[in-house]
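The hints should help you fit chain D onto chain B, whose structure is shown.
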Amino acid sequence: MKKFFSGRVKMILAAAMSLAILFAVVGVISDGATLGQQITGLVLSPFRSATAAVVRQVEQFYDYLFRYDALEAENELLKQRVAELEEDARDVAQYERENEYLTALLGLQEDHPDFTFRSAYVTSWESSNWKTACTISRGTESGITEGMCAVTAYGQVVGMVTETGPTWATVTTILDPSMEISASIAASGYTGVVQGSYDKDGTLRMNYLASGAVLKNNDQVVTTGSTFYPKNLLLGYISDAGHDETGVGKFAKLTPAADLGDLEQVFLIADYQS
Amino acid sequence: MTQRQRNLLRWSLYSAGFLLVLLLSTSVLGNRTFLGTKLSLLPVYAACVACREGHEQGGLFALITAAFWALSGASGGAVFVFLLPLGSMVAGYITSAYVTRSLMPAVGGSLLNLVLCEGAVYVQRLFLGYPMPADASRLVLLQIGFSLLTTPLFWWLTGKIAKAGDPLGT
Numbered sequence: 001m002k003k004f005f006s007g008r009v010k011m012i013l014a015a016a017m018s019l020a021i022l023f024a025v026v027g028v029i030s031d032g033a034t035l036g037q038q039i040t041g042l043v044l045s046p047f048r049s050a051t052a053a054v055v056r057q058v059e060q061f062y063d064y065l066f067r068y069d070a071l072e073a074e075n076e077l078l079k080q081r082v083a084e085l086e087e088d089a090r091d092v093a094q095y096e097r098e099n100e101y102l103t104a105l106l107g108l109q110e111d112h113p114d115f116t117f118r119s120a121y122v123t124s125w126e127s128s129n130w131k132t133a134c135t136i137s138r139g140t141e142s143g144i145t146e147g148m149c150a151v152t153a154y155g156q157v158v159g160m161v162t163e164t165g166p167t168w169a170t171v172t173t174i175l176d177p178s179m180e181i182s183a184s185i186a187a188s189g190y191t192g193v194v195q196g197s198y199d200k201d202g203t204l205r206m207n208y209l210a211s212g213a214v215l216k217n218n219d220q221v222v223t224t225g226s227t228f229y230p231k232n233l234l235l236g237y238i239s240d241a242g243h244d245e246t247g248v249g250k251f252a253k254l255t256p257a258a259d260l261g262d263l264e265q266v267f268l269i270a271d272y273q274s
Numbered sequence: 275m276t277q278r279q280r281n282l283l284r285w286s287l288y289s290a291g292f293l294l295v296l297l298l299s300t301s302v303l304g305n306r307t308f309l310g311t312k313l314s315l316l317p318v319y320a321a322c323v324a325c326r327e328g329h330e331q332g333g334l335f336a337l338i339t340a341a342f343w344a345l346s347g348a349s350g351g352a353v354f355v356f357l358l359p360l361g362s363m364v365a366g367y368i369t370s371a372y373v374t375r376s377l378m379p380a381v382g383g384s385l386l387n388l389v390l391c392e393g394a395v396y397v398q399r400l401f402l403g404y405p406m407p408a409d410a411s412r413l414v415l416l417q418i419g420f421s422l423l424t425t426p427l428f429w430w431l432t433g434k435i436a437k438a439g440d441p442l443g444t
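Residue numbers (my numbering), protein chains in the order written: chain B, 1 to 274; chain D, 275 to 444.
Simulated from the structure, these hints should not be mistaken for lab results. Values in this document were obtained by computation on a predicted structure and should not be read as measured data. Don't take each hint at face value.
What the hints assert, rightly or not - Quick look at which bits of chain D chain B covers, simulated, 3 or more residues with Cβ under 8 Å:
#1 302-314
#2 404-412
Unchecked claim - In silico negatives: residues of chain B with every beta carbon more than 10 Å from chain D:
#3 Ile39
#4 Thr51
#5 Ala52
#6 Asp91
#7 Val92
#8 Asn129
#9 Glu163
#10 Asp199
#11 Ser211
#12 Asn217
Unchecked claim - Simulated pairs of lysine to aspartate or glutamate, EDC-like, Cα-Cα distance not exceeding 20 Å:
#13 B:Lys3 / D:Asp409
#14 B:Lys79 / B:Glu96
#15 B:Lys253 / B:Glu180
#16 B:Lys253 / D:Asp409
#17 B:Lys200 / D:Glu330
#18 B:Lys253 / B:Asp240
#19 B:Lys79 / B:Asp240
#20 B:Lys10 / B:Asp31
#21 B:Lys79 / B:Asp63
#22 B:Lys216 / B:Asp63
#23 B:Lys10 / D:Asp409
#24 B:Lys231 / B:Glu87
Glycine included, every Cβ here is placed at the ideal spot set by N, Cα and C.
Extracted from the complex, chain B is given alone in its bound form (with noise of 0.2 Å):
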């Protein structure tokens, strides 16, 4: 063992120690990407960016061959159709709601929000098992900043911008357990939180439900309403529900309604009006 420990293996070591010490107290410390991620970001956005422009269009290049394009086409037109009218019914439950509270509240009446998209390319996905977040074409040279939320072209939420360099920027999914978002159920208005899982099967739970809330699978779960995410964005829909660990409330799991399996484009709320 002479052999092995000589003196470039223990500087090595050394270095190796000393750098893995100054990652973990600068990750703890920092909020947001560091000084040296920025850099590293920079660097590798290019690559990510070709690398991932490369996949999309080998993906294309398969879909060409193996699937038919009027289905692929009549698919598309189909999901927006059903985005449409889920969006339709789903204002409309909320517009009786909100017609009753109106009322009662004499009349007063709320501003739509108005949003200012920017989009963006997905470039890359995290590597582990224990985080679910993907990188953007697009940083802070674009106007993108930590703390915007990030949605699908059919208005459904996919996560939120977590880390930012100049020409990416990181997403935190929906998925991620760390996220969670204050939600409502559209059709009857019950609050909770939603928040991400590792369920196998990719599932989002709403906890802090109400012990009297009546849920129905299928029902759609939308945003409340926050400092980061506008009102009434379509997070998922209701698949199993049941009573917490504590007892005292409810809790429901959630289909989300983004396909983050797929997801090749993101839109950025920059701005709204709450």
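Showing chain D alone in chain B's frame:
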């Protein structure tokens, strides 16, 4: 071509290989799971390089790549920075001192690196009380198993790079 130029070419190609591994892990396979788990390619690649180049150079390469990996925002980065060079050096040392340089020691080195790195990240999360899936240990074992299957590919790739950087076979 001088020895210095050959070395430069070889390590440039190893670095390009690392970039390929990083992009494969994040941009190509980052959103794909195999029986619920993602692949961990860097420990395998670092072990193959260490088995080819010896423990000192392999360890230094593993340290640099792990630091870059951590800076790219990968979770568990700090754990990798210490354990990847350590595992790679042990793998490189055993290969050069006790066995012949071939695929099987590289598989052993990859296994060591995977168990050290992914195992440590798992244990760290377990003891720090981070939220974990119910079958987390199974996922880690699957991840190690599936990732290990890529060793022949990286062993072949590093072999080609070693040859390209040493065209005269010196």
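Evaluated hints:
1. Counting residues of the segment 302-314 of chain D whose CB lies closer than 8 Å to any CB of chain B gives 9, which reaches the minimum of 3, so the coverage claim holds.
2. For the segment 404-412 of chain D, the stated coverage by chain B is satisfied: 7 residues place a CB nearer than 8 Å to a CB of that chain, which reaches the threshold of 3.
3. A cut-off of 10 Å between C-beta atoms contradicts the statement that B:Ile39 is not in contact with chain D; the least separation is 8 Å.
4. Here B:Thr51 does not stay apart from chain D, with its beta-carbon only about 4 Å from theirs, under the 10 Å limit.
5. Look at B:Ala52: its CB is around 5 Å from the nearest CB on chain D, not clear of 10 Å, so calling it non-interface is violated.
6. Listed as outside the interface, B:Asp91 is consistent with that label: its C-beta sits roughly 32 Å from the nearest C-beta of chain D, beyond the 10 Å cut-off.
7. Taking the minimum C-beta to C-beta distance to chain D, about 35 Å, the non-interface status of B:Val92 holds against the 10 Å cut.
8. A beta-carbon of chain D is positioned within 10 Å of the beta-carbon of B:Asn129; the least distance is around 5 Å.
9. With a least beta-carbon separation of about 7 Å from chain D, B:Glu163 fails to lie farther than 10 Å from that chain, contradicting its non-interface assignment.
10. With 10 Å as the threshold on Cβ separation, the claim that B:Asp199 sits away from chain D is violated: the shortest Cβ distance comes to roughly 8 Å.
11. Every CB of chain D is more than 10 Å from the CB of B:Ser211 (nearest about 24 Å), matching its label as outside the interface.
12. With a least CB separation of 23 Å from chain D, B:Asn217 remains clear of the 10 Å interface cut-off, as annotated.
13. At most 20 Å may separate the alpha-carbon atoms for a hinted pair to count; B:Lys3 and D:Asp409 exceed this at roughly 41 Å.
14. Annotation: proposed proximity of B:Lys79 to B:Glu96 is violated, straight-line Cα distance about 26 Å (limit 20 Å).
15. Note on B:Lys253 and B:Glu180: the hinted pairing holds, with a Cα-Cα distance of about 14 Å set against a maximum of 20 Å.
16. At roughly 18 Å between alpha-carbon atoms, B:Lys253 and D:Asp409 fall within 20 Å of each other, so this suggested pair holds.
17. Proposed proximity of B:Lys200 and D:Glu330 is contradicted: the alpha carbons are some 41 Å apart, above 20 Å.
18. Of the supplied pair hints, the one linking B:Lys253 and B:Asp240 holds, its CA atoms being roughly 5 Å apart against a limit of 20 Å.
19. Simply put, B:Lys79 and B:Asp240 have alpha-carbon atoms about 23 Å apart, too far for the 20 Å limit, and the pair is violated.
20. Using a Cα cut-off of 20 Å, the hinted pair B:Lys10 and B:Asp31 is violated, with the two alpha carbons roughly 33 Å apart.
21. Our distance criterion of 20 Å between C-alpha atoms is met by B:Lys79 and B:Asp63, whose separation comes to about 18 Å.
22. Taking the CA atoms of B:Lys216 and B:Asp63, the gap is near 36 Å; set against the 20 Å cutoff, the hint is violated.
23. Note on B:Lys10 and D:Asp409: the hinted pairing is violated, with a Cα-Cα distance of about 38 Å set against a maximum of 20 Å.
24. Note on B:Lys231 and B:Glu87: the hinted pairing holds, with a Cα-Cα distance of about 13 Å set against a maximum of 20 Å.
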